[in-house]
Amino acid sequence: MNKQRQLLTSLEDDVCRLQEEVKDLELQFHSVAMGIPTEQTVWSVAAEYFRLFRYGFRSPPDVLNAFALKFLRLSMAPDVTDGFEYGPDTLLRNWKLFSLCFDDIDVQLGRLATGGMMNSLVASTITSLTISTDTLRQAFPNLNSDGRGGASGGEWHPLAAKLLNNRLVVQGSVSLDWDDTTNRIVRVVTQLDMVTPMLRLLGNLEDVSRVFDKALISLEGRLSVTELQFA
Numbered sequence: 001m002n003k004q005r006q007l008l009t010s011l012e013d014d015v016c017r018l019q020e021e022v023k024d025l026e027l028q029f030h031s032v033a034m035g036i037p038t039e040q041t042v043w044s045v046a047a048e049y050f051r052l053f054r055y056g057f058r059s060p061p062d063v064l065n066a067f068a069l070k071f072l073r074l075s076m077a078p079d080v081t082d083g084f085e086y087g088p089d090t091l092l093r094n095w096k097l098f099s100l101c102f103d104d105i106d107v108q109l110g111r112l113a114t115g116g117m118m119n120s121l122v123a124s125t126i127t128s129l130t131i132s133t134d135t136l137r138q139a140f141p142n143l144n145s146d147g148r149g150g151a152s153g154g155e156w157h158p159l160a161a162k163l164l165n166n167r168l169v170v171q172g173s174v175s176l177d178w179d180d181t182t183n184r185i186v187r188v189v190t191q192l193d194m195v196t197p198m199l200r201l202l203g204n205l206e207d208v209s210r211v212f213d214k215a216l217i218s219l220e221g222r223l224s225v226t227e228l229q230f231a
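Sequential numbering from 1 applies to the sequence shown in my numbering.
No lab work stands behind these hints: they were computed from the structure.
Built from N, CA and C at the ideal position, the CB exists for glycine as well.
Do not take every clue at face value.
In silico DMTMM-like links for lysine to aspartate or glutamate, alpha-carbon gap of 25 angstroms or less [as the list claims (entries may be wrong)]:
#: 1; residue 1: LYS214; residue 2: GLU85
#: 2; residue 1: LYS214; residue 2: ASP193
#: 3; residue 1: LYS96; residue 2: ASP62
#: 4; residue 1: LYS96; residue 2: ASP79
#: 5; residue 1: LYS70; residue 2: GLU85
#: 6; residue 1: LYS214; residue 2: ASP82
#: 7; residue 1: LYS162; residue 2: ASP193
#: 8; residue 1: LYS162; residue 2: ASP103
#: 9; residue 1: LYS162; residue 2: ASP213
#: 10; residue 1: LYS70; residue 2: ASP106
#: 11; residue 1: LYS162; residue 2: ASP134
Pair ranges (Cβ atoms, derived) [stated by the list, open to error]:
#: 12; residue 1: GLY203; residue 2: ASN183; range: 46 to 56 angstroms
#: 13; residue 1: GLY115; residue 2: ARG93; range: 18 to 28 angstroms
#: 14; residue 1: SER145; residue 2: THR41; range: 44 to 54 angstroms
#: 15; residue 1: ASP193; residue 2: SER224; range: 15 to 25 angstroms
#: 16; residue 1: ARG73; residue 2: ASN119; range: 14 to 24 angstroms
#: 17; residue 1: VAL63; residue 2: ASP213; range: 34 to 44 angstroms
Start from the sequences and build out the full structure, keeping to the hints where you can.
Next comes the structure, spelled out in structure tokens:
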């Protein structure tokens, strides 16, 4: 009887182990099918990251949204940070919001090299984007007299007309920090130089300062997510 119990226990353990192995194999199969490498490195993750978000992430179809979320959750730490917020889901949300604020986003990857810290990469980028009415309402509501991007009426500052429909070419960088223990990205920090193209467009620093005073986008291209109307 004891031997039967031992055999039963052993069989139950074997079944549990096999179930876990099946789950692991299913995960690897789906990852390969989606183009996500099962043997991740900081280089392979960086390459897929820039391929995925090359044109921003505006109103993606459900399949692409699921793929992006799967990729971020597999390649990023659960508490991955952009320096302000945490989590893969938050990174994807911020990409969506940025893409809703500007039209025709095109992120060109320049040089990709190891950073000053061990296990980090720094990518130089050139981001082209168009200032639309959504940009004015969401990122620069301060240029309307109601302070809310015209939500309560108001009048637009003449600088808004100077910005509208113009295309900016923005130099930037993205730093990706890698954890060798988990084989995942733990930090993704993006910085954009919004000043230079704005200065080229407006012609003087005084107007650039006026545009960004109380704007919902920083000089480094970071949106104040909690204050956006569609956030």
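Hint numbers not upheld by this structure, sorted from lowest to highest: No hint contradicted; all consistent.
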